[in-house]
Every structure is written in structure tokens, then in C-alpha cells.
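As they're listed, the protein sequences go chains A and B.
Take 1 as the starting number for the first sequence in the working numbering and just add one per residue.
Take 1001 as the starting number for the second sequence in the working numbering and just add one per residue.
Read the hints as simulated data drawn from the structure, not as lab findings.
The beta-carbon is built from N, C-alpha and C at its ideal position, and this holds for glycine as well.
Treat the hints with caution; some may be incorrect.
Pairs of lysine-lysine residues, derived as BS3-like cross-links and limited to a Cα-Cα distance of at most 25 Å, are as follows [stated by the list, open to error]: (1) A:K160 - B:K1388; (2) B:K1388 - A:K227; (3) B:K1388 - A:K163; (4) A:K279 - A:K227.
Covered stretches of chain B (chain A as the covering partner; in silico rule of three or more C-beta atoms under 8 Å from a C-beta of chain A) [stated by the list, open to error]: (5) 1105-1115; (6) 1162-1175; (7) 1179-1185; (8) 1350-1358; (9) 1376-1389; (10) 1396-1403.
Only some residues are given here: those of chain B computed to face chain A with a beta carbon under 7 Å [unchecked claim]: (11) F1034; (12) I1076; (13) P1081; (14) L1189; (15) E1192; (16) G1342; (17) G1346.
Number of protein chains: 2
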Amino acid sequence: MSLALGLRCVNCEKEYPLKILYNCPNCGGILDVFYDKLRGKAGNEKRLIVDESIQGLWTYREYLPVLNKENICSLIEGKTPLIRSKIDFDSFIAEELFFKDETRNPSGSFKDRPTTVAISKAIENGIQGVITASSGNAGTATAAYAAVASLPSIILVPEKVPKEKLMQMFVYGSKIIKVKGDYSNSFNLAKEIAVKCDYANLTSTYYNPYGLEGDKTIAYELFDQLKGLVPKYILVPIGTGPLLTGIYKGYKELKKLGFINKLPRMIGVQAMGCAPIVKAYNEKRNKVEPWDLVDTIASGISDPLKGYSQDGTYTLKTIKNSNGCAISVSDEEILKSVLVLGKQQGLYVEPTSASVIIAYEKLRKMNIIRERDLTVSIITGIGFKDTKPLMDSLNSIPLIEPTFDKFKEIEMLWG
Amino acid sequence: MSLALGLRCVNCEKEYPLKILYNCPNCGGILDVFYDKLRGKAGNEKRLIVDESIQGLWTYREYLPVLNKENICSLIEGKTPLIRSKIDFDSFIAEELFFKDETRNPSGSFKDRPTTVAISKAIENGIQGVITASSGNAGTATAAYAAVASLPSIILVPEKVPKEKLMQMFVYGSKIIKVKGDYSNSFNLAKEIAVKCDYANLTSTYYNPYGLEGDKTIAYELFDQLKGLVPKYILVPIGTGPLLTGIYKGYKELKKLGFINKLPRMIGVQAMGCAPIVKAYNEKRNKVEPWDLVDTIASGISDPLKGYSQDGTYTLKTIKNSNGCAISVSDEEILKSVLVLGKQQGLYVEPTSASVIIAYEKLRKMNIIRERDLTVSIITGIGFKDTKPLMDSLNSIPLIEPTFDKFKEIEMLWG
Chain A
1 MSLALGLRCV
11 NCEKEYPLKI
21 LYNCPNCGGI
31 LDVFYDKLRG
41 KAGNEKRLIV
51 DESIQGLWTY
61 REYLPVLNKE
71 NICSLIEGKT
81 PLIRSKIDFD
91 SFIAEELFFK
101 DETRNPSGSF
111 KDRPTTVAIS
121 KAIENGIQGV
131 ITASSGNAGT
141 ATAAYAAVAS
151 LPSIILVPEK
161 VPKEKLMQMF
171 VYGSKIIKVK
181 GDYSNSFNLA
191 KEIAVKCDYA
201 NLTSTYYNPY
211 GLEGDKTIAY
221 ELFDQLKGLV
231 PKYILVPIGT
241 GPLLTGIYKG
251 YKELKKLGFI
261 NKLPRMIGVQ
271 AMGCAPIVKA
281 YNEKRNKVEP
291 WDLVDTIASG
301 ISDPLKGYSQ
311 DGTYTLKTIK
321 NSNGCAISVS
331 DEEILKSVLV
341 LGKQQGLYVE
351 PTSASVIIAY
361 EKLRKMNIIR
371 ERDLTVSIIT
381 GIGFKDTKPL
391 MDSLNSIPLI
401 EPTFDKFKEI
411 EMLWG
Chain B
1001 MSLALGLRCV
1011 NCEKEYPLKI
1021 LYNCPNCGGI
1031 LDVFYDKLRG
1041 KAGNEKRLIV
1051 DESIQGLWTY
1061 REYLPVLNKE
1071 NICSLIEGKT
1081 PLIRSKIDFD
1091 SFIAEELFFK
1101 DETRNPSGSF
1111 KDRPTTVAIS
1121 KAIENGIQGV
1131 ITASSGNAGT
1141 ATAAYAAVAS
1151 LPSIILVPEK
1161 VPKEKLMQMF
1171 VYGSKIIKVK
1181 GDYSNSFNLA
1191 KEIAVKCDYA
1201 NLTSTYYNPY
1211 GLEGDKTIAY
1221 ELFDQLKGLV
1231 PKYILVPIGT
1241 GPLLTGIYKG
1251 YKELKKLGFI
1261 NKLPRMIGVQ
1271 AMGCAPIVKA
1281 YNEKRNKVEP
1291 WDLVDTIASG
1301 ISDPLKGYSQ
1311 DGTYTLKTIK
1321 NSNGCAISVS
1331 DEEILKSVLV
1341 LGKQQGLYVE
1351 PTSASVIIAY
1361 EKLRKMNIIR
1371 ERDLTVSIIT
1381 GIGFKDTKPL
1391 MDSLNSIPLI
1401 EPTFDKFKEI
1411 EMLWG
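Next comes chain A alone, as it looks inside the complex:
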């Protein structure tokens, strides 16, 4: 049984029922789901209540905002592996670094978490179709869940979205439209279309308040996987940042439940070519300003926040409340990290996801993260999603006649 009670504005604290609502009708603030007094399993055991009749993250449905089990639209998402780092960072190793491997979700990214919750809640509220503005992964997730729910879906994507993600949306049967300009144009147009056409807007910024509830289940899973230990740091690639805030919310709930007595420090990672939250953090401002010119290969976090910079401000607030920090990395460093994760860890990730590796390395070198600090990096999306930045590398693969002599010629070149 879900313990969700309603939506509450994080700004004016006005409360609303669990309906299709986006920003606060009173003050325009971000809405957040609130719950009845949370409870764990009876007895001394520090365990969340789980519904074993469902697979994936919905086992935690007690703590999620869908009231009727029949409205759950699932592709069996979540419950992703936590993998210990094997990476040799030249000057040090990182035995206390773990990767939460979100590439193993049904559509290949963490966005399946917010999407399964947001679409299930939309179904519970009787909607007839869904729309999403997406730089890629939220769009493919929306397309997948709309397909299995037999709901029409419209996906608005920025002009430069990787074609791998477009293909995935196409196969799931969504109606796709490319919108000129950066992600913010898609975001603002989706808002207008959703209102005028009465579609549920699943856009996974903070705009739809239910998505973040899916993100928070990562905290629950980490609690189980780390046997109750709380990471000192959690590194998250951030565009708008609900994933970071969602994970932190999950930990705050675990603390309220009395299961843990401290909270992780949240570290937001952005690409230097689009880093509005890092900029505000570095300049010690409390308010995030929109980013002007987006220039990065990390398509999953290239969000300039134009028209909704309050969302970035909210993420910055979470980071500061957690005593964390924000850091940016270059495209060159990101590409190098894609290969490090592939070659040393057997993880095939998209550029956006690799940003956390180089951020970890930098923070270790700055002595902010120390050798013994339990740290989790969120690996957000699979490598197939965005191959263009490395595609030229394939030109170096040799083509030979099928003879051993020709092989030996190539082998000699390897040295």
C-alpha cells in the first residue's frame, strides 16, 4: 500500500492532491510528493517494506506515489548491479569506488526509473497520451513505456540529438519531432503542447513531480547493496539534476526511518561546455543562471536551463545542503574516461556517464575525496546511445585477406 499523501510546494509549502500538476499553482514553485509517516519492516531489522509480487523498483511501492497496483506500467526496471571499481588511475587505485550500473535498465538508462513512476501516475490519473521534451534518454524511456502501456506518445528532441536515440524512439513507435535550437526550446514547447492538448508531460526535469520518486529508489537499492553503509560521496552527472536530488531524498527518508544516521554528500558533475550549476557553485551564488551557448559532446547533460533556471537552483540547494560540491569536466577528459571504463572495467557507457570518472579522479587529486571514502558513481546510460564522438576511431580497424600471414603482418604493427 502506498503511503503517499499529496504534493507540496518546496517554496510556499501549499499542498495539493496527487493529480496531474506541475509547478505550484500558487507560486510557481517545484512540487514534491510527501508521505504519511514512513515505516519499515516490523521488528528490529532495518529493512524497507517490499512487495515481493512485483519485480524491479516497484517492490518499493509502499514508498512510491501510485495508489493502485493495477496502474503500474513496468518493463522491470531498477535493481541494477553495484560494481566495485577495478580502475587503475595512474597515481592511485580506487577500491572504495563503486559504480551503480544504470545501463542495465530496459531502455538502457536511469531514465526508466522516473518514467515508470511518472507514466504509472499519469495512467492512474486517466490521461490519454504522453509528451516529453528530451535530450535523448528520457525520450527513449517515454517511448518504451508508452508502447507497453498502449498510449500515444510525442517526443520533442533538440536538433542535435544522437541518431541512436532517435532510432530507439522510432522503433518504440513514438511520434518524434526535432525542435530547432537547444534543449530548452524543446522543454518550453512541450509545456505548451501538453497544456493545450491535454497530454501528460513526463519531462524529467523537476517539472513532473512524480519522476523524482523513481530516482530516489537508487538510494533504497544502495542501502541494501551496501548492507546499510552510507557512501560518503555520490557522484551524479547533472543536466537539471532531479536524479541527484532524488537520490538524496531517498537517503533522507532512510534517515527518517531511523535506518541510517548520516547522509551522503552529493556531487554534481557537468560538462565544461554547459555548466550553469557548477558556475553558480564556483561563484558562491545561491541562484543558478541559464547557460548561453551549449558546446559539449555530453548530450545527456547539455541542458542550459533557459526558462526554468529555478530547477538548477533547487539542485544547487540540494548539493549545498548535503555538504557536497559541483565540478565540471572537459569533453576531452570525458572521451578518455569512456575508454578507461571500457578497457579496465568492461563497462560500455555514453560520454555523459563517463564524466563521473574524471570528476572522481580530480576530486581525489584535490584531496576532497580520500582513499578510504566510500564513493558511488552513477553510470547513467549505455554506450550505444551516443557513438558519434568516437566513431572516427573505427577507421583504424584493419581489413585483411583470411590468411595467417596477413594476420602476422597486422600483429607486427601492434608491436
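Given chain A, put chain B in place with the hints provided.
Leaving out everything else, chain B in the frame of chain A:
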């Protein structure tokens, strides 16, 4: 503790220790792992013995050929979802059809199963490097596991391998060589290189006898997921066919254990443009002949068996022993089925995997599979792996200015 005892030739029945061996040194036949008397959990409960300290398919290590747990090289593979069909096949529905979703494996295909077992056994035998000839998925799996094992790897691929798979191998750090001609050229050259350079050959035909042991774990998982019910039919896309034979072996073991009293009928699915096993089946021959000219988009099963047609004969024998059948489907039907799986099921699969859907539909129409027959189709690989056949479809996606009016213009075109 593993119950594996040795290798036995399926032809002359000569036995060998669990070393790096490929075809039988006595007669050239296929080698198969054999076990001590299998046992299940104590008591009346029909349950396999599981090692809860390991995740994924290695929980079944009692029934796998790796003796020392420390040699296991895993990326947490297997334990994939079983999903009930929601597909509306025009003239009928298919409530008793299930999909075993192998796209959820770490490198995106079922090949992670044979590869984790074969590489772990190679490590146990002290090898220094691995080589694979692959039409793609086995190569990406080898590359991933070699990376995490810190072993050098060489992957030989046919000229026409999809670039998505090449990119994945590249990121995992393998040495890749394209070999002119079809898959058989790569296969035969890999054999020669492995012997001359003392690399373990992980090629996942029947050549490496340990791979099939990974495939058989699908039967164990289905036994658990279907609560002991045995499917009447299991549909498998087949190139050489060890996946089909492996699953059947798993079921034969479950029968020996007394857990089940019947076996599934195995259905092999090939593409019309490369269907040597189907041809032999249709012509009522017991021996498979190599295929001459490969012409299909289903790259994962485009194996002409030149130089190792005995492997196809062995698969045909399994099919006949199981009272199953072999069937071929056209490229056009396959592409249509990719979209059916995407739009109706939310499953994004590569063309090879979609072949089982159209095969199911045909067999239903022929009244071979009936409405109430419990049937499992193996979904072998994720859609990202091979996007070229559908890439032109993306040209139809509109690009608009970010205004509601422009959206309405597009919406009108949708009708």
C-alpha cells in the same frame, strides 16, 4: 562445488579432462562437458542448488564446469526477465507466448552467457589471451569479459559486421581485425591463430565446449520463472545453434534430476538468406551442408557453416530429438517484426532477435503451435547492435521552429 567431471566426444564418446580442448583429438567430433550424478536441494523441494554468494547465472555454479570460484570472471550476467506477450497478431493474440529478454545482459546479448563460462574456464586453465571469431555479439561479449579479466583479446569479424558492434569492441579495448568474406573465413582463421599463438579460442559455435554450459542456464532460469512448467515450444534464432542445444541440455538435466517429466520442443529459426539447417530439415536430410551465398540483414545468424557444417548437423539432431522443427523467415518479415516488438511490447531488439516473432506467427497459422501451447521465444540481442537496416526511416522525422503553430502543422499531417 562444481560437479563437472570431464569432456566427452558426442561422436566417439572418448573422455578427456576439463582442459583447453576443442574438437575431439580422436575423431574430430564435438566435445561436451559431462557431470557427476546431478543433485538438487535436499528434501522434497524441486529446486536446484544455488550459491547465493554470487549474482547472476553463477548462482548455478554447481552445474557449471569452473572448479574454483576465484576463476569466475563475471559482469553479472543472466537472470534476465521473462515477459508475457502483449502482441496482437492481427488474427489472434498470444497470451501463452513469453519472451526471455536476453538484451538485459551486460554487453546487450545472450552471448554473455557462453562467454562468461568459456573465459572463466580459460582463466582456470591459465591462458594468457583470448580470441574469438564473431559476427558481432560474441565478439563484443569476449571484448567485455577480457577487459574485466585484464586479458588481451583479438576479435576477428566478417567484413560486414555492424559498426555499432565494432564500436563496442573498440571501447572495451580489443584488438579488432576485419576479415574479408563471410563469417566462416573469420572462424577458420581464428582457429589457426589460436593454435599457433596459444590463445584460448572462445568462438561460440560448438568449437569451445564450455560456452554451451552458459547457454544451458536459460533452462534453469525458465524452470524457476515458470514455476516448474515446461514450455511446449522454445523458439531460438540459430546461426550454428549452440544456444538451442544448450537450452535443451539444461532441460535434459532437469529431467535427469527428476524435476520435470517432459522436454520442450526446440524450434530453430533462420533467415531465408542463410538457412543451411532449415534447408536440411525441409529436405528431410540428417546432414547439414554449408550455405553458399549469404544474403540477409540478420547479421547475428548469418553463418554459412563453411568448414564446420558438422556443427549445423549437431543442431539439427537436437531439433529432431526434441520433436521440434526448423523454419526460415524473410528479411522483410524480420524488419516488420522489429517494429511489432517495439511498438506493442516496448522491446528494442536487433533484427536477428525479431525472427522468432514472425516464426511464431507462421507456426500458429500452420496450426503447429496452438493457442494454449506455452511457448518461449529467446530475444537474443538489443536493438542498438544493428541499426542500419532501419536507418533510412529516420529521414522522415520533421524538424520545426519551436512554436505551437509549427507543431499543429505537423500534427495535422499525422491525421
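Hint check:
1. For the proposed pair A:K160 and B:K1388, the alpha carbon gap of about 19 Å is at most 25 Å, so the pair holds.
2. For the suggested pair B:K1388 and A:K227, the alpha carbons sit about 44 Å apart, so the restraint of at most 25 Å is broken.
3. Under the criterion of a C-alpha separation no larger than 25 Å, the hint pairing B:K1388 with A:K163 is consistent with the structure, at around 11 Å.
4. About 36 Å separates the Cα atoms of A:K279 and A:K227, which puts this hinted pair outside 25 Å; it is violated.
5. Interface restraint, the stretch 1105-1115 of chain B with chain A: holds (3 residues with C-beta to C-beta distance below 8 Å; minimum three).
6. A count of 10 residues in the stretch 1162-1175 of chain B with a Cβ less than 8 Å from any Cβ of chain A is obtained; the coverage claim is therefore met, three being the minimum.
7. Under the rule that three or more residues need a Cβ within less than 8 Å of chain A, the assignment of the stretch 1179-1185 of chain B holds, with 4 such residues.
8. Counting residues of the stretch 1350-1358 of chain B whose C-beta lies closer than 8 Å to any C-beta of chain A gives 0; at least three are required, and the coverage claim is violated.
9. Against chain A, the stretch 1376-1389 of chain B contributes 5 residues with a C-beta closer than 8 Å to a partner C-beta. That satisfies the three-residue criterion, and the hint holds.
10. Taking a C-beta to C-beta cut-off of 8 Å, the stretch 1396-1403 of chain B contributes 7 residues in contact with chain A, enough for the three needed, and the coverage statement holds.
11. The beta carbon of B:F1034 comes no nearer than 31 Å to any beta carbon in chain A, farther than 7 Å, and the hint placing it at the interface is violated.
12. A hinted interface residue such as B:I1076 counts as satisfied when its beta carbon comes closer than 7 Å to some beta carbon of chain A; here the least separation is about 5 Å, so the hint holds.
13. Given the 7 Å rule on beta carbons, the hint for B:P1081 holds: about 5 Å separates it from the nearest Cβ of chain A.
14. At its closest, the beta carbon of B:L1189 sits 5 Å from a beta carbon of chain A; the interface hint therefore holds under the 7 Å criterion.
15. The beta carbon of B:E1192 comes within 5 Å of a beta carbon in chain A, closer than 7 Å, and the hint placing it at the interface holds.
16. Annotation: interface hint on B:G1342 holds; nearest CB of chain A at approximately 4 Å, less than 7 Å.
17. Proximity of B:G1346 to chain A holds as hinted, the smallest CB-CB distance being about 4 Å (cut-off 7 Å).
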